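Undergrad: Below are the chains, spelled out letter by letter.
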Amino acid sequence: MSQVVLEKLKERFRDAILETHNFQGNETAQVKRESFLEIMHFLKDECGFEMLLDLCGVDHLPETPRFEVVYHLKSFSRGYRIRIKVRVPEDDPVVPSLVSIWKGANWYERECFEFYGIKFQGHPDLRPLLLYPEFEGYPLRKDYPHKKRQPRIPLLKPETR
Amino acid sequence: MGLETAFGEGWITTKLEFFINWARKYSLFQYPFITACCGMEYMSTMAAHYDLARFGAEFTRFTPRQADLLLVVGTINHKVAPVLRKVYEQMTEPKWVISFGACASTGGFYDNYAVLQGIDKIIPVDIYIPGCPPRPEMVLDAFLKIQDKVQKYKLLEQK
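In the order they appear, the protein sequences are chains A and B.
Per the numbering used here, numbering through the first sequence is continuous, rising by one, with the last residue being 161.
Per the numbering used here, numbering through the second sequence is continuous, rising by one, with the last residue being 159.
Treat the hints as calculated values from the structure; they're not laboratory data.
Owing to the predicted nature of the structure, the values given are computational and were not obtained by experimental measurement.
Heads up, the beta-carbon is just placed ideally off N, CA and C, and yes, glycines get one too.
A hint or two may mislead.
[Claimed, not checked] Straight-line Cα separation of at most 16 Å, EDC-like style, residue types lysine to aspartate or glutamate; simulated pairs: (1) A:Lys85 <-> A:Glu34; (2) A:Lys147 <-> A:Asp125; (3) A:Lys157 <-> B:Asp120; (4) B:Lys154 <-> B:Glu93; (5) A:Lys142 <-> A:Asp59; (6) B:Lys79 <-> A:Asp92; (7) B:Lys95 <-> B:Asp126; (8) A:Lys8 <-> A:Glu46; (9) B:Lys79 <-> A:Glu134; (10) A:Lys148 <-> B:Glu157; (11) A:Lys119 <-> A:Glu90; (12) B:Lys95 <-> B:Glu9; (13) B:Lys79 <-> A:Glu114; (14) B:Lys149 <-> B:Asp126; (15) A:Lys147 <-> B:Asp111; (16) A:Lys74 <-> A:Glu34; (17) B:Lys86 <-> B:Asp120; (18) A:Lys119 <-> A:Glu159.
[Said to hold, decoys possible] Which bits of chain A does chain B cover? Going by a derived footprint, with three or more residues having C-beta under 8 Å, they are: (19) 131 to 143; (20) 147 to 157.
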């Protein structure tokens, strides 16, 4: 249904759109990080995507670039949905923040930063959101040890199963 | 027509320890520490159909300082673990603890960075109720077992 949006994107941004596909009605575009902010502005202002539904991180560990951030947009006025993906390398895990476009991106980006260590450039207050302050590391990265625990108080017995 | 009419104006003899434990076990004041979906099953146990009040434990307290039975109902993660320890420490002796459901007892299927693998890692536990969530019958059975444990409590041999 949102195929027309993908066509518009490809026509307007050409090389910045690395790949598009449509699996069971989920229109998806993989975009270059350099043009990402411009593309998102275009989607909000000219394609009518009023709402950022979700934002999440992905860790594709053996691959390069390692990380990916996935954005889901919704247009209520036109009934469109679209998914935008942007890949970021491990040595420079930075994506432009979308808080200036959709205010709702604020906590999503803080959560993504906390669990994957992906930084959002231009975020007004990029602090961890959910875990306790003593927590170290990024627990949803694939190289975070599966059995690693960080208790806040001394335990009566070891935490094994 | 209660028990008192059967005795008339007579009197009975008993041991102080037996009498105190008997009074305690039929008036358990509980503090439910509910963090997850097991709370629904706790509510159904408390409500009219299963009616925990029949066992003298209908009185839910809203501060641990007035409770003598701590029910840990639901998943405890590392973030909330110090809170649970503090709640337990605020309860006055004698006190008992029921670990309600798979998550509180072992961490359940949450074997990850965030979840404490059983509350017995931070506080002593008297009865574990398995199940995800446990049936109300299992909760009632746990209360009966706690009552047995209260009845056997030694006043003079305290921890």
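Undergrad: Please go over all the hints and tell whether each is borne out by the structure.
TA: Outcome of the hint check:
For the proposed pair Lys85 of chain A and Glu34 of chain A, the alpha carbon gap of about 13 Å is at most 16 Å, so the pair holds. Of the supplied pair hints, the one linking Lys147 of chain A and Asp125 of chain A is violated, its CA atoms being roughly 31 Å apart against a limit of 16 Å. Only pairs whose Cα atoms come within 16 Å are accepted, and Lys157 of chain A paired with Asp120 of chain B is accepted, the gap being roughly 8 Å. Distance restraint check for Lys154 of chain B and Glu93 of chain B: the Cα-Cα separation of roughly 12 Å lies within the 16 Å cut-off, and the hinted pair is therefore satisfied.
With a CA separation close to 7 Å, the supplied pair Lys142 of chain A and Asp59 of chain A stays within the 16 Å bound. Between Lys79 of chain B and Asp92 of chain A the CA atoms are separated by roughly 30 Å; this puts the pair beyond 16 Å, and the hint is violated. Restraint check for Lys95 of chain B and Asp126 of chain B: satisfied, since their Cα atoms lie roughly 10 Å apart, inside the 16 Å limit. Annotation: proposed proximity of Lys8 of chain A to Glu46 of chain A holds, straight-line Cα distance about 10 Å (limit 16 Å).
About 10 Å separates the Cα atoms of Lys79 of chain B and Glu134 of chain A, which keeps this hinted pair within 16 Å; it holds. Simply put, Lys148 of chain A and Glu157 of chain B have alpha-carbon atoms about 40 Å apart, too far for the 16 Å limit, and the pair is violated. Distance hint between Lys119 of chain A and Glu90 of chain A is fulfilled; the C-alpha atoms sit about 11 Å from each other, no more than 16 Å. Simply put, Lys95 of chain B and Glu9 of chain B have alpha-carbon atoms about 35 Å apart, too far for the 16 Å limit, and the pair is violated.
In summary, the hint linking Lys79 of chain B to Glu114 of chain A is supported, as the alpha carbons are separated by about 15 Å, within the 16 Å threshold. A distance of roughly 9 Å separates the Cα atoms of Lys149 of chain B and Asp126 of chain B; the hinted pair therefore holds under the 16 Å criterion. Distance check on the hinted pair: Lys147 of chain A and Asp111 of chain B sit about 8 Å apart at the alpha-carbon level, within 16 Å; holds. Annotation: proposed proximity of Lys74 of chain A to Glu34 of chain A is violated, straight-line Cα distance about 23 Å (limit 16 Å).
At most 16 Å may separate the alpha-carbon atoms for a hinted pair to count; Lys86 of chain B and Asp120 of chain B meet this at roughly 14 Å. Among the hinted pairs, Lys119 of chain A with Glu159 of chain A is inconsistent with the structure: their alpha-carbon atoms are about 32 Å apart, more than 16 Å. For the segment 131 to 143 of chain A, the assignment as covered by chain B holds, since 3 residues bring a beta-carbon within under 8 Å of that chain's beta-carbons and 3 suffice. For the segment 147 to 157 of chain A, the proposed coverage by chain B is satisfied: 9 residues have a C-beta within less than 8 Å of a C-beta in that chain, meeting the threshold of three.
The earlier numbered hints that this structure contradicts are 2, 6, 10, 12, 16 and 18.
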